[in-house]
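Visitor: What follows is the residue order along each chain.
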Amino acid sequence: MADDPLIPTDDDDSPVALEELLVASGLAHEEVSELIQFGVFQLAGSGISWCFHARTITLARRAARLRDDFGLNTPGMALALTYLERIEALEARLQELECQLPR
Amino acid sequence: MKFKDYYAALELERDADGDAIKKAYRRLARRTHPDVAKEPGAEERFKEISEAYQTLSDPEKRQAYDDLGRHRSGEEFSPPPDWESRFWREGNRQGSQPGSQPAGQEVDLADLFEQMGFGGSGGFAGSGGFGGTGGFGQQAGGFPVRGQDLEVIAELTLEQAAQGSEVAFTLSVPSCRADGGMTREPRSGTIRVPRGVADGERLRVPGRGGPGHGGGPAGDLFLEIRLKPHPRFRPLGHDLYLELPIAPWEAALGAEIELPTLTGTARVSVRPGMRNGQKLRLAGKGLPRRKEGAGDLYGVIQIVMPEQIGDRERELYRELAEASAFNPRPSFEGAPTHG
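Chains Y and D, in that order, give the protein sequences.
First residue of the first sequence: 1, per our numbering; consecutive thereafter.
First residue of the second sequence: 1, per our numbering; consecutive thereafter.
Just chain D, with the same shape it has in the complex (with noise of 0.2 Å):
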């Protein structure tokens, strides 16, 4: 069995008490929950701080664990000899010792904490459970529990968004072995994700998460569509946005362009007179949508300047500028007006 170091996890010295507990926690706890933060690796850091958090604020379990002496975060473990005997309760474990897994299983020490029947732990037992956490408190006692939501995310290309793509995944579920013991299982799987999802969109696929235990249903897979960074295109919604980057004189005279689209190339006209920011809308050239149809294409206008400009180019634009009534800066005229 791997250590976990729960107090480093929740920034604590080991002998904080059970408020420097439960501050540290909600501290911790609202900079990377799931729902509040979107920095990279919050959510992982999350699943640490709750592990973490359930076993420190249950005295019994804090005491058990400190009593499995200091360890380095990571090392691998054997529980004291006397340990099991002084802390599980007659009949909660069904004979499987913390040490005796099968080889090739891995118990976790989270799921050892959980399966303690130490009475309530007051209150904040995460239960949510993204990408395959908690939600498995409740398994023993033969009633029907229905199985754990599992929460997948699904990051697909553009091009896999329009045509649809199916998706492999791999989750770690905790499952109940034959002894009455837990185990952490990893469990894979492939999804077709359809034509027609925009970024961000979530997918609900019932009784296809956990199974069920004692009778109960199977729990849902949610997929959370996240689309990768194209180098060209920008989704929004079922819209895509292009960069267009065309030349002043282009600008002032129109111009004929050839622009890529998902699928190939269309031929768009630019109007003489564009400026910056422009948008250019190709009608149905954007992601396909579930049902039918599809998002635009919008070619925003960007009027670049060569770095380098020649003898004839630089003498053409004098003779541009001589030629020229044109004032860019109206606004600057005169004594400022409000309103």
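If we strip away everything but chain Y, and leave its shape as in the complex, we get (with noise of 0.2 Å):
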């Protein structure tokens, strides 16, 4: 396994195409269609094929799991993933200045 290839799944160099997207979350191609109507998902590029960031991945495995786990629908999956996205950004900035405060 030393060998195998590592994919940063926040790599914007290691774009994802939509199949590989469906595979690797569980999500319907439905279920992505309206995720990036809501804006949560963006593409990458703008070609004739759907292709998205590697970041994305992460995003749809988890959006997957609130659907199956709270039976969410899209829009609930959208709501979620905007706050999370969001907490996740204050815990940066939290952390951020916490590294600036004595110990």
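There may be inaccurate statements among the hints.
[To be verified] Label-pair restraints from in silico Cβ distances:
id	chain 1	residue 1	chain 2	residue 2	range
1	D	Leu316	Y	Gln95	39 to 45 Å
2	Y	Glu98	D	Ala247	20 to 26 Å
3	Y	Glu98	D	Thr337	30 to 36 Å
4	Y	Thr82	D	Gly212	21 to 27 Å
5	D	Ala37	Y	Gly76	14 to 20 Å
Since the hints were made in silico from the structure, they are not lab data.
Note that the coordinates shown come from a computational prediction; the quantities given were computed from them, not determined experimentally.
Virtual Cβ for every residue (Gly too), placed ideally from N, Cα, C.
With the hints as a guide, bring the two chains together.
Guide: Set out below in structure tokens:
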């Protein structure tokens, strides 16, 4: 296993095709399409076939877990993902400030 | 087989109705779901809760569970003799008995209920799978099924993240036995984490998850990087922060200070007149980045006072107090103004 490729899921240089996103997350095509409309998923590039930033895999897997474990529909997934993203941004900011405080 | 108390997991009495079971699941899942809760142990608790809910929310599975009788959690037990014939549909188990697993192969209660052919279980079946749970419900039938995705948390020291490191992991993965039954097998492996990872980063190894079934592809392995706390440095992305204590006279007069870096030491000049919280930046002395370069190291100035001072020092402070016209509290003077 030592030589397996590790693909960072936050690397914009490693785009993910729609088919790969569907397989890796368990989301349906229709759900991905709606999450794009809600602005939660962003398309990478403007080609004919859909392509996503690598970090979308993490978001999509989280969306599928929330759907399965809480019975959320697509608007619910979009709302939860938006709030979780916002919490993570605030936590990152908090961590940044804590780094500068005396212990 | 070890008994699990599903009612206790959901904090319910045994006579709870379906509505109470659903409410208890939702209440507890909201508090412990791995995407929402960050407390230690929450993820394990969520697994218990969803396992209990998947059985108790299905009336037939619940009946089968209730007929196992009452045991203590963790107690070894065997199902009643006629239990299987009453609850298993013909063909679902392909001849294996719940109590007849080969020695050394532990049958998990959750796997047993998951295999029961009782039809739909109400829409909440957990599938995402932290640490290798779930995602294995649709194994029968011969059509290709993709293998399970596995999630591994890799804890690294800062030094390991800087240099790259081999990380060992062990997961408990459900798998099919030759007789069609199901068991959990420990799966261990090592993975080489390259230099340049940062705290919270997620990496994916395609095809290194659970094996596919019926010709389906293998799942993926997801690796989440967690950096262990370091006694000296605090990481933020690829930057490192270091508390840099200086004496009041060093702050006033400036100083040459040797400070530790991740790989050695570096000499820095502290300018005269430094204030608390000001940062000194050492470019490229943080964590290496994946492709090239590295983050920066920040020394955050902390002016510290000696706990005790001697007579001579006290005398000098008095002299300083008399000589200085510095007013540290100009904002206290006059009436406060807004904006």
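Visitor: When the structure is checked against the list of hints, which entries are broken? Sort them ascending.
Guide: Hint 4 alone not satisfied by this model.
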